[in-house]
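Listed in order, the protein sequences are those of chains P and F. Residue 1 is where the first sequence starts when you use this note's numbering, and the numbers rise one by one after that. Residue 1 is where the second sequence starts when you use this note's numbering, and the numbers rise one by one after that.
Worth flagging that the hints you see were computed from the coordinates, not collected in a lab. Since we're looking at a predicted model, the values are computed, not measured. Treat the hints with caution; some may be incorrect.
Partial list, computed: chain F residues near chain P (C-beta under 10 Å) [said to hold, decoys possible]:
1) L21
2) T33
3) D40
4) C59
5) L62
6) M65
7) Q97
8) G99
9) Q146
10) H151
11) P152
Heads up, the beta-carbon is just placed ideally off N, CA and C, and yes, glycines get one too.
So the chains spell out like this:
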Amino acid sequence: MQVPAPIEYERATSVDHAIGLLERLGEEARLIAGGHSLLPMMKLRLANPEYLVDINDLHDELSYVRVGPTEVRIGAMTRHRELLESDELAAVCPIFRDAERVIADPPVRNRGTLGGALCQADPSEDLSSVCTTLDASCVIRGTGGERLVSMDDFHVGPYETVVGHAEMLIEVRIPVRPRGSSAYAKVDRRAGDWAVTAAGAAIWLDDHDAIADARVGLAAVGPNTTGIPEVSEALRGRRPSEEAWELAGSIAAAQCRPVTDSRGSADYKRHLAGELTRRTLRTAWERASAEGAA
Amino acid sequence: MEITLTVNGEQVTRDVEARLLLVHFLRDELGLTGTHWGCDTSNCGTCVVLYDDEPVKSCTVLAAMAAGHDVRTVEDLEYDGVLDPVQQGFMECHGLQCGFCTSGMLMSARALLDRDPDPDEHTIREAISGQICRCTGYASIVRSIQWAAAHPEGKQ
Numbered sequence: 001m002q003v004p005a006p007i008e009y010e011r012a013t014s015v016d017h018a019i020g021l022l023e024r025l026g027e028e029a030r031l032i033a034g035g036h037s038l039l040p041m042m043k044l045r046l047a048n049p050e051y052l053v054d055i056n057d058l059h060d061e062l063s064y065v066r067v068g069p070t071e072v073r074i075g076a077m078t079r080h081r082e083l084l085e086s087d088e089l090a091a092v093c094p095i096f097r098d099a100e101r102v103i104a105d106p107p108v109r110n111r112g113t114l115g116g117a118l119c120q121a122d123p124s125e126d127l128s129s130v131c132t133t134l135d136a137s138c139v140i141r142g143t144g145g146e147r148l149v150s151m152d153d154f155h156v157g158p159y160e161t162v163v164g165h166a167e168m169l170i171e172v173r174i175p176v177r178p179r180g181s182s183a184y185a186k187v188d189r190r191a192g193d194w195a196v197t198a199a200g201a202a203i204w205l206d207d208h209d210a211i212a213d214a215r216v217g218l219a220a221v222g223p224n225t226t227g228i229p230e231v232s233e234a235l236r237g238r239r240p241s242e243e244a245w246e247l248a249g250s251i252a253a254a255q256c257r258p259v260t261d262s263r264g265s266a267d268y269k270r271h272l273a274g275e276l277t278r279r280t281l282r283t284a285w286e287r288a289s290a291e292g293a294a
Numbered sequence: 001m002e003i004t005l006t007v008n009g010e011q012v013t014r015d016v017e018a019r020l021l022l023v024h025f026l027r028d029e030l031g032l033t034g035t036h037w038g039c040d041t042s043n044c045g046t047c048v049v050l051y052d053d054e055p056v057k058s059c060t061v062l063a064a065m066a067a068g069h070d071v072r073t074v075e076d077l078e079y080d081g082v083l084d085p086v087q088q089g090f091m092e093c094h095g096l097q098c099g100f101c102t103s104g105m106l107m108s109a110r111a112l113l114d115r116d117p118d119p120d121e122h123t124i125r126e127a128i129s130g131q132i133c134r135c136t137g138y139a140s141i142v143r144s145i146q147w148a149a150a151h152p153e154g155k156q
């Protein structure tokens, strides 16, 4: 029987209340949102917080998808299911719906949140790859105010982020650029499992239908989500083509750092990194082209 | 700590440890053993209950977190001696053998049909994709839910 160690439990009624509680209770306090990463870790005694600050009552305040002309803002308490079902989000960032379809299962998606997923910083976690692909930034609030941190800087190691003990991730911001689209693909061993390897890709076209910019974010092939800036450099200015996707795939396969584990060998994951990079770039380009034609 | 929540339409108040999981609260504090306790790791889905009308895995929710919320378990499906159509469907179409996964399957099926009274097969399979059955191969569970969708008033 897996049971967490004894804890004290508090409910936050606002973001500032939550941050105040964290500050007062000290380093042994943890926020709990959906709980689908933290509670399993507490059951295994891999996490042993003395205090839990439940932020589920902040759902009304921190659950939203706001699509603006240059930016999408998503509240940190937005649940997986809400991300999956948001037509507004799917229209501008289809990568979210691609990913959410293959994240866990419906009961888990009813609880888990965007902010919780990013803060867990699991190297195999899908939304970190999505946000890396989209060049997202994270809004972190503390007692001294807010700071904005890019996804590249957000993760500092496996299961480790820059969010300090009396701070809270409250929002994710995604830049919106013209003539762009995105896609996600994952290989897993069975429905709802963690990725063996997964890839996100985003592409933006210029006025001559060449690639203005492209980004790739890989999951489960390194100590953190793996952005591949070399792919962006190689693709900028190129014509979209099978040769371009082939090149990007070979760069992604060469740059990632998978390890052999129960989900697959390093060689197999490297193969997947290349193949999924090709597939997602192709899909993202097809979607971006279709939008231009519409 | 003292918590108050609604379980199967009735308000209940208990003094519990903050670390108590909802599945154990339902089974051990309230005696509602229809909700099964399986893998303990939010994989198997036999502990699925409805939480504010949506399926959740009750092994991965603290009872304290459920305070102020509405929880519905398999015991609440039958009303006045009449089985819910999803329960009837599982009888009609042999939706269970050992029965261990059944209560979770029934609750996910109920939530699905409440949202989508006429789901296609893919939608049904997606709705139960977080739940494991080792007996039926799922085909008869899918047929059971299809039976319930076709008989919203149950067997006449």
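Which hints from the list above does the structure break, by number from lowest to highest?
-> Those not satisfied are hints 2, 7, 8, 9, 10 and 11.
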